[in-house]
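There are 4 protein chains.
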Amino acid sequence: MKPVHQVKITKGMSVYQIVEELEKAGVMGAGRFSRAAKILQKMIQDKECTVFFGQAGAMVPGGMKQIIIDFLQNKWVDVFVTTGATLTHDIVEALGFKHYQGSAHDNDEKLHKQGYDRMWDSYMQNNVYEKLEKFFQENKELLMQATSIREFLTKLGSITPKESILRTAHDNNIPIFCPALADSGIGLMIWGQLEKGNNFPINAFSDIKEIIRRSLDSKKNGVFYVGGGVPKNFIQQSMQFSKGAYYGVQVSTDVPHYGGSSGAPLHEGISWGKLDPRGEYADLYCDATIALPILHAALLEKIN
Amino acid sequence: MKPVHQVKITKGMSVYQIVEELEKAGVMGAGRFSRAAKILQKMIQDKECTVFFGQAGAMVPGGMKQIIIDFLQNKWVDVFVTTGATLTHDIVEALGFKHYQGSAHDNDEKLHKQGYDRMWDSYMQNNVYEKLEKFFQENKELLMQATSIREFLTKLGSITPKESILRTAHDNNIPIFCPALADSGIGLMIWGQLEKGNNFPINAFSDIKEIIRRSLDSKKNGVFYVGGGVPKNFIQQSMQFSKGAYYGVQVSTDVPHYGGSSGAPLHEGISWGKLDPRGEYADLYCDATIALPILHAALLEKIN
Amino acid sequence: MKPVHQVKITKGMSVYQIVEELEKAGVMGAGRFSRAAKILQKMIQDKECTVFFGQAGAMVPGGMKQIIIDFLQNKWVDVFVTTGATLTHDIVEALGFKHYQGSAHDNDEKLHKQGYDRMWDSYMQNNVYEKLEKFFQENKELLMQATSIREFLTKLGSITPKESILRTAHDNNIPIFCPALADSGIGLMIWGQLEKGNNFPINAFSDIKEIIRRSLDSKKNGVFYVGGGVPKNFIQQSMQFSKGAYYGVQVSTDVPHYGGSSGAPLHEGISWGKLDPRGEYADLYCDATIALPILHAALLEKIN
Amino acid sequence: MKPVHQVKITKGMSVYQIVEELEKAGVMGAGRFSRAAKILQKMIQDKECTVFFGQAGAMVPGGMKQIIIDFLQNKWVDVFVTTGATLTHDIVEALGFKHYQGSAHDNDEKLHKQGYDRMWDSYMQNNVYEKLEKFFQENKELLMQATSIREFLTKLGSITPKESILRTAHDNNIPIFCPALADSGIGLMIWGQLEKGNNFPINAFSDIKEIIRRSLDSKKNGVFYVGGGVPKNFIQQSMQFSKGAYYGVQVSTDVPHYGGSSGAPLHEGISWGKLDPRGEYADLYCDATIALPILHAALLEKIN
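Protein sequence lines correspond, in order, to chains C, Y, G and L.
FYI, our numbering numbers position 261 of the first sequence as 261, with every residue one higher than the one before it.
Going from the second sequence to our numbering is simple: count from 1 and add 304.
Going from the third sequence to our numbering is simple: count from 1 and add 608.
Going from the fourth sequence to our numbering is simple: count from 1 and add 912.
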């Protein structure tokens, strides 16, 4: 049995050196953090591995958009699965809006009157919806051509005016899947168009074919989950009829003992055939707005 | 300011009497539990109120299916929004399978070999997928007629052979919405059909129209969330352009301070215009497999 | 393997009947709740079993004081271990004060000016300290005779004017242990006396002898933890050199994966020799202000 | 209102540069992390500030001992309050033992037979108690002279053979307080001595005088909590009759909404007069075995 070494931090250590130091401890959060960084590094550097990145939670209002963009831009990711909320916040910023540093203790009725929508201590102006509406109205002809959500998001990325997740994925040929896109501000924009009699012939199921094919066609699969929900589960189910994922990293604040998918530790996936029992996995119980920047810094030291 | 009364439990108290006793304490979980029961009672009994029930999490493997069925059967609910996983587990049981009492400490590789899929300490046999496949194959003609997820689920309910959520919703004309149905065993069955060249012309967005119309057309709205995820958010967004929900109860094990939708306290919705600031809300931080049976028992005492 | 039965709640079911119904589900929170109730019943009814009740957390401000009193009054408990905060809140109420139903969103600076101390959404008036001081000043002669914390608390119970945990334990000859009594309002009162030159010759360690003797002398031990912290750990360590606990129930909102004692599942104690591997244990992840009233009601049905 | 800037991580950024980048985001965990680092830096560098460090949880088995030692060695801390468990694990390593990297899924009965005590995925050999006993037996004459816990721990530090928290605190004249020392392996050793008829005349309350005096005598107070429990609360109560803490940082995995002291956000202390409303506070919801190494690295860049 390996002993727990006490972590020694010295002045000037780089983030990756800290990660290596945490590896010596090997237990609890420190050990999981180190394993997470090392496994991410492996899955990104393994040429045979297709990396599926599933992301849920308020990452754009929480300041993590650029890190997601950099993961895509660096081609560290082959498939991106996310929520409609993330893409809505992404396009809102691309259209020139900002999110704001607020307070979790502000009065919600007052905020409503002032036109701010609150996500814990981050705010968004409610008038983003008007500009979003205008943007969809202007681009509806293009968007109405899409027949799958993934295709719709590629088209949307092609016209997104500024640096954004959508644009970066488009420019780098990385597919974005978002099974529950209807459940978002973007969904509401399409609803507005439907109410005007326009038709969006987007099939609800056709994307499953592509994501499962990607999982089947690769030599190895790696999964990286930031948050749970639909993005995690949609990737997990794409693994079920393939060889399972060989690498896995999960950053989550949910817990296992209520039985839900979001909190399920990765190894539970082995019973389903979604993960390869010979693979390498790390479950990190940590706020992603803390873990992601540190993991990103560690990876930048070692990759490229 | 009201004093906290110390809760006094006496022999033979009914569940509703306990709920009333907890109301005297008025604070922390006890107070929230009591408020949750009272507000649920009000939203169900208020003739003008449309009740939207959003449910996520492993409620069928966790033994809560019958309670959900009873909520629908009792017509306590007007609109039901759920996950594909819940509906898959529901139909699996309707086709004659059971879930099993397992252990969170079993070896997942061994379970995989034995053919059991694990959800924490509940198991499902992996061969359910074969029977599911057969069932979809036999009924594909009917199911291929649906053009929306809600319509698809109504058709599915019409042919579900035994007591189930799907069947009960169908028999009671309660719409089921499931924006992320692609992300589930049912989604996989449709994928299997697509691979065989069959066509399921189900639009990804048309359901938004119906749920928003339901929210707009009612005199009052009530929301009841068991878990977060897409079901909660899809209902919340349907409130944004209506008058907002007047009653709200949320049973969740997620926490507010990471900024995600699942853990957001209901009053955050006031800033968005999704909840009416004059309304009544209770956020219950509790495992739903504990809270639901007790809440149900309390409601049964007072309604009808 | 046992199947998961779907829980069926019918009108008029008693709390114990609900508990038995939850047992059929047997998994997740429902199963743990049922097991917790049954194991509590067994440990209380087993004549050979010494029941150690460890309690931490804001149970008096949260309205659970009377339930703790009833557990003691019913002689369901043989040894009670708690925090100084619980005993301070207990004596504060016995001296005629109340706690108040507040709000977690009130401004703390305003509350300070108004003289209210906040515990989440429960308040206490800050002037309780003056009356506490007077009470200790008047009774110092008696209290200064104690040489152990347990003896000190027995003397304190003997003079506590109204129904209280302290008084009930005293009247029923149930020892109260509180290793960290210095860390509380009562500790501050003793500090006030020390500053006046009075002497409290209370030994910090002598209580270990008695609690370990209780653990050693019994035929069987049962442990009931509401919250973690020092009360849980102090009981656990008293089991380490005895036969270990045979029955165990833990109600906690802490989680296992950070490695702390409060969140450690009971079975971890088996590795230490603190729990008997043949025993019966249930870990309930639940707010105690929800679980305790329901568990109490269930027990009252079955135990005279 | 300040906008949320999206965090940009570039190759070669130092930890402190990452901290500054997170400050621009300003919200959720990222913002709290950055604030925590900056406030720690301020409280350490403010010559007028007395820094109280309260620590609970499995930090030695989790690999964080050296970081705590370095905080003491660097004189970043003026008063250290901890649990008996931390000091027991500390002395166990000083006597030549190691903790081990284990697994949370090992069988506890097997571990017991093999002589390993488990704390989640970290193990300790059970035979440490024999050597501890011998050590206390050999040094009892010195230890029996102590009349307070703080004095006892200073004497213990003076004879601890290797680099340890106890030794470092002793060598640097930093007092260690541990109100619940009875609740630990060290408490058990004293119990063993008591059983042999030896006397440890350690008063349970005399340390309150010193910690309150330290709080009263300083110009400013800063509090740094890693975990909650008795260490946090004991420091908090020492602030109640002084000017309150001016700086505060809390690293915790507990949550506010159950009303307990461990999960209470720092600003709740303002209502009690334990914190200065003009001060600077940050509550970090994070596994300390992840946060501490990163915070330490950031501080090392800027201090000295």
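One or more of the hints may lead you astray.
Each computed DSSO-like pair below joins lysine-lysine, with the alpha-carbon atoms no more than 30 Å apart [stated by the list, open to error]: (1) Y/Lys306 <-> G/Lys718; (2) Y/Lys379 <-> G/Lys632; (3) C/Lys110 <-> C/Lys140; (4) G/Lys718 <-> L/Lys920; (5) C/Lys302 <-> L/Lys920; (6) C/Lys110 <-> Y/Lys342; (7) Y/Lys315 <-> G/Lys632; (8) Y/Lys312 <-> G/Lys619; (9) G/Lys619 <-> Y/Lys402; (10) Y/Lys435 <-> G/Lys619; (11) G/Lys619 <-> Y/Lys466; (12) L/Lys1025 <-> G/Lys650.
Pair ranges (Cβ atoms, derived) [to be verified]: (13) Y/Lys417 <-> L/Gly1008: 42 to 50 Å; (14) L/Glu1053 <-> C/Lys2: 36 to 44 Å; (15) C/Glu130 <-> Y/Lys500: 39 to 47 Å; (16) L/Lys1155 <-> C/Asp46: 56 to 64 Å; (17) Y/Phe545 <-> L/Asn1216: 55 to 63 Å; (18) Y/Lys417 <-> C/Lys42: 20 to 28 Å; (19) Y/Lys500 <-> C/His105: 25 to 33 Å; (20) C/Asp46 <-> L/Asn1216: 40 to 48 Å; (21) C/Glu109 <-> Y/Lys414: 51 to 59 Å; (22) C/Glu130 <-> Y/Gln321: 28 to 36 Å; (23) Y/Glu499 <-> C/Lys42: 47 to 55 Å.
Derived by calculation from the structure, the hints in this document are not laboratory data.
Note that the Cβ used here is the ideal one computed from N, Cα and C, for glycine as well.
Status of each hint after checking the structure:
1. Y/Lys306 <-> G/Lys718: Holds: Y/Lys306 and G/Lys718 sit about 18 Å apart, inside 30 Å.
2. Y/Lys379 <-> G/Lys632: The hint holds at about 26 Å.
3. C/Lys110 <-> C/Lys140: The hint is violated at about 35 Å.
4. G/Lys718 <-> L/Lys920: It is violated: about 39 Å lies between the C-alpha atoms, which goes past 30 Å.
5. C/Lys302 <-> L/Lys920: Satisfied, since the Cα-Cα distance of roughly 17 Å is no more than 30 Å.
6. C/Lys110 <-> Y/Lys342: With Cα atoms ~27 Å apart, C/Lys110 and Y/Lys342 stay inside 30 Å; holds.
7. Y/Lys315 <-> G/Lys632: Since the Cα atoms of Y/Lys315 and G/Lys632 sit roughly 24 Å apart, the hinted pair holds (cutoff 30 Å).
8. Y/Lys312 <-> G/Lys619: Status holds; Cα separation ~23 Å.
9. G/Lys619 <-> Y/Lys402: holds (26 Å)
10. Y/Lys435 <-> G/Lys619: Measuring from Cα to Cα gives roughly 36 Å; hence the hint is violated.
11. G/Lys619 <-> Y/Lys466: holds (23 Å)
12. L/Lys1025 <-> G/Lys650: holds (28 Å)
13. Y/Lys417 <-> L/Gly1008: 42 to 50 Å: Given about 44 Å between the Cβ atoms, the range holds.
14. L/Glu1053 <-> C/Lys2: 36 to 44 Å: holds (38 Å)
15. C/Glu130 <-> Y/Lys500: 39 to 47 Å: Holds - the Cβ-Cβ distance for C/Glu130 and Y/Lys500, about 45 Å, lies within 39 to 47 Å.
16. L/Lys1155 <-> C/Asp46: 56 to 64 Å: holds (57 Å)
17. Y/Phe545 <-> L/Asn1216: 55 to 63 Å: holds (58 Å)
18. Y/Lys417 <-> C/Lys42: 20 to 28 Å: With Cβ atoms ~26 Å apart, the hint holds.
19. Y/Lys500 <-> C/His105: 25 to 33 Å: Given about 56 Å between the Cβ atoms, the range is violated.
20. C/Asp46 <-> L/Asn1216: 40 to 48 Å: holds (42 Å)
21. C/Glu109 <-> Y/Lys414: 51 to 59 Å: Check passed, 55 Å falls within 51 to 59 Å.
22. C/Glu130 <-> Y/Gln321: 28 to 36 Å: The hint (28 to 36 Å, Cβ to Cβ) is violated, given that C/Glu130 and Y/Gln321 are roughly 52 Å apart.
23. Y/Glu499 <-> C/Lys42: 47 to 55 Å: Check failed, 32 Å falls outside 47 to 55 Å.
In this structure, the earlier hints numbered 3, 4, 10, 19, 22, 23 are contradicted, and the remaining ones agree with it.
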